[in-house]
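Following my numbering, the numbering of the sequence shown begins with 1 at its first residue and continues without gaps.
Treat the hints loosely; a few may be bogus.
Unchecked claim - The calculated lysine to any residue pairs, modelled on SDA-like cross-linking and capped at a C-alpha distance of 20 Å, are:
id	residue 1	residue 2
1	Lys39	Asp8
2	Lys39	Glu82
3	Lys39	Val57
4	Lys39	Leu65
5	Lys39	Glu99
Claimed, not checked - Here are the in silico distance ranges between beta carbons for each label pair:
id	residue 1	residue 2	range
6	Arg71	Ser93	33 to 39 Å
7	Asp8	Ser112	45 to 51 Å
8	Pro22	Ile110	32 to 38 Å
9	Ile110	Val21	35 to 41 Å
10	Leu109	Gly25	29 to 35 Å
11	Ser93	Arg18	24 to 30 Å
Just so you know, the hints here were simulated from the structure itself, not pulled from any lab data.
The beta-carbon is built from N, C-alpha and C at its ideal position, and this holds for glycine as well.
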Amino acid sequence: MTRLVNRDLSLEELERDRWSVPLGGETRLMANVRRLRRKPIGGLTVEDMRLLIRQDVGLAYLLPLAVEVLRIDPLAEGDMYEGDLLAAVLTRSAEVWSESPELERDVRLIVSELADVPPALQREVERFLAL
Numbered sequence: 001m002t003r004l005v006n007r008d009l010s011l012e013e014l015e016r017d018r019w020s021v022p023l024g025g026e027t028r029l030m031a032n033v034r035r036l037r038r039k040p041i042g043g044l045t046v047e048d049m050r051l052l053i054r055q056d057v058g059l060a061y062l063l064p065l066a067v068e069v070l071r072i073d074p075l076a077e078g079d080m081y082e083g084d085l086l087a088a089v090l091t092r093s094a095e096v097w098s099e100s101p102e103l104e105r106d107v108r109l110i111v112s113e114l115a116d117v118p119p120a121l122q123r124e125v126e127r128f129l130a131l
């Protein structure tokens, strides 16, 4: 999963999958996800990554980018709370981690080096470490 990726490309381009707009409309969340899938991945903010990862969108490309951010700032914050990007990463399914063992090791290392785990993250950290 740790591959060199052209960060000027969007998830739509990388995945070669353009989502059509539903006939009956869509929620604001899904409209935002659709918009972010067209944005170059190198221009995604912490909040953009948090939102997409929480929706399990583009994980093959976004988890490595998120881990890069978390190595520098484990408690990187989007729009929700301190460490919300880490929480999004930690709460991905066991299947995701079984497909990317080296990323899982990186995340375990990041979590193990946290001096103080904020209360908002404690449960996610414990659940991830129990995988």
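We went through each hint and held it up to the structure:
Distance restraint check for Lys39 and Asp8: the Cα-Cα separation of roughly 9 Å lies within the 20 Å cut-off, and the hinted pair is therefore satisfied. Proximity of Lys39 to Glu82 is assessed by CA-CA distance (about 24 Å); at most 20 Å being required, the pair is judged violated. Taken as a hint, the Lys39 and Val57 pair is honoured in the structure, with Cα atoms around 13 Å apart against an allowance of 20 Å. For the given pair, Lys39 sits about 14 Å from Leu65 by alpha-carbon distance, which is consistent with the 20 Å threshold.
For the hint pairing Lys39 with Glu99, the CA-to-CA distance comes to about 25 Å; that exceeds 20 Å, so the pair is violated. The given range of 33 to 39 Å is broken by Arg71 and Ser93, whose C-beta atoms sit roughly 22 Å from each other. Evaluation of the 45 to 51 Å hint for Asp8 and Ser112 yields a failure: the beta carbon distance comes to about 34 Å. For the pair Pro22 and Ile110, the beta carbons lie near 37 Å from each other, so the given range of 32 to 38 Å is met.
At about 37 Å, the CB distance of Ile110 to Val21 agrees with the hint of 35 to 41 Å. Our hint of 29 to 35 Å for Leu109 and Gly25 is violated, since their Cβ atoms are close to 43 Å apart. In this structure the hint that Ser93 and Arg18 lie 24 to 30 Å apart at CB holds, the actual value being about 25 Å.
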